[in-house]
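Protein chains in written order, with this note's numbering: chain A, 1330 to 1464; chain B, 1330 to 1464; chain C, 1330 to 1464; chain D, 1330 to 1464.
By construction, these hints were calculated from the structure, which means they are not laboratory data.
Being a predicted model, the structure only gives us computed values, none of them experimental.
Ideal Cβ positions, reconstructed from N, Cα and C, are used throughout, including at glycine.
Possibly wrong hints are sitting among the right ones.
[Unchecked claim] Computed footprint of chain B on chain C, listed as stretches where at least three residues anywhere in the stretch have a Cβ under 8 Å from a Cβ of chain B:
#1 1341-1352
#2 1355-1365
#3 1371-1383
Protein chains: 4
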Amino acid sequence: MHPAAQTRIRVRVIFGDTDQAHVVYHANYLRWFEAARCEFLRARGLPYTQMMTRGVHFPVTEAYLRYRRPARFEDELEVVAHVSEVRGATLRFDYAIHRLGEQEALCEGYTYHACCDDQGRPQRIPKDVKGLVTG
Amino acid sequence: MHPAAQTRIRVRVIFGDTDQAHVVYHANYLRWFEAARCEFLRARGLPYTQMMTRGVHFPVTEAYLRYRRPARFEDELEVVAHVSEVRGATLRFDYAIHRLGEQEALCEGYTYHACCDDQGRPQRIPKDVKGLVTG
Amino acid sequence: MHPAAQTRIRVRVIFGDTDQAHVVYHANYLRWFEAARCEFLRARGLPYTQMMTRGVHFPVTEAYLRYRRPARFEDELEVVAHVSEVRGATLRFDYAIHRLGEQEALCEGYTYHACCDDQGRPQRIPKDVKGLVTG
Amino acid sequence: MHPAAQTRIRVRVIFGDTDQAHVVYHANYLRWFEAARCEFLRARGLPYTQMMTRGVHFPVTEAYLRYRRPARFEDELEVVAHVSEVRGATLRFDYAIHRLGEQEALCEGYTYHACCDDQGRPQRIPKDVKGLVTG
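Chain A on its own, in the form it takes in the complex (with noise of 0.2 Å):
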């Protein structure tokens, strides 16, 4: 994969994202995968408002996260996002989320989405956004 392929975002942990544990909770990772999910889309000039308005949306249908070191509060983070697989109505996207400037993921994971019309029904990805997210 060549670089320009991946989105980067910042990230700056707040106190609201951390739990008694003195780390980031669990579960707002998903929140950072989908931040850097629609940089990624936008980066290629596939805004998701811009979708939702042609009756294209990529609901989540599977999720998957592995924690490997504890983000803290005021941490700097980047994640980085890129598509790593395409199929006729799949998308998939991997993620790793790392301190800045260090190489080291503190959290990898990856999100499955289907590609739905309006009324939530299956439907082809339209080939223009599958050449953008591929290219």
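Given the coordinates of chain A, work out where chains B, C and D should sit on it, guided by the hints.
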């Protein structure tokens, strides 16, 4: 106010509600206010889903919270809600949260709501709704 | 698995759980998994607060979710949790969420947990804990 | 107030911030208030992590929010925070949130904070902290 005019719900604090100060994160009380408010309406035969179908919405226009003592992980809380003010097109709910079996409030507050139609334009609160929330 | 080995909790979906696709936001299911997991432990005489006092922690190391059908605002859900695997120093919980009175799961998943001490170092699961969660 | 006394952060609204009314869920603004507040302190050389190490804590004792117009998915918001009041042992922060490049506030509010020690007892705000937040 006679007790029948109040609605009470119970909430168990989870890890995800806490922050690294070992207490419930302050924003989460607004979620519990909402849970009690919805139950208040449901208990009077006005589930919010049904009101939305009729084109009656009550977006929050103001919120106030007073944090007196912290709620903690695994606490079983009671959230008490009642309508404290009804005008032509606005409603006010008051809330208090305490540990089950205790008197002292951990958190108190209120929310103001504007009655709106499907386009978000202010409208008078329907008579039957008014009757039921003040009954 | 005999039913006694499962724990069930009920959850009412609030507005704050939904997103603009009119369904529960996918990250929120992890919170309900946690609520059911804590109740599972509490029901066996092992409240998580008490385990922490003993220096026994079970941070999440992996999570997986399969979203089958959406949960919606005001749905009353049942979250079923049970321990599906116990090794020397790790636990796995399995979860299923369905609407009250329905059979079909809306969401299923699992979480893996490492047994750790106060310093976050892996340790063997204490005998009594092992006995109670598999009992 | 001269502009230097304010801190501004940017926030991109994600799907997870919205609710089924297609707007940001009202509780989430408190998270953004917190993000701006922490950045305010960090920008003055007082990262909250560092203050906690010194035994200086500022739990929220009151919060008020006025919702003027809704923020929406993918909006890029600016959150402006400044200290509006300093007493012996309490601080008040004021906040305003608007879309980037717009003037009108979508949401405004304030939070009060009590200066506490590690045991949660009120204490006077240390001189250097007072100087830096009012400087």
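Each hint tested on the structure:
no., hint, in the structure
1, 1341-1352, "holds (count 4)"
2, 1355-1365, "holds (count 4)"
3, 1371-1383, "holds (count 4)"
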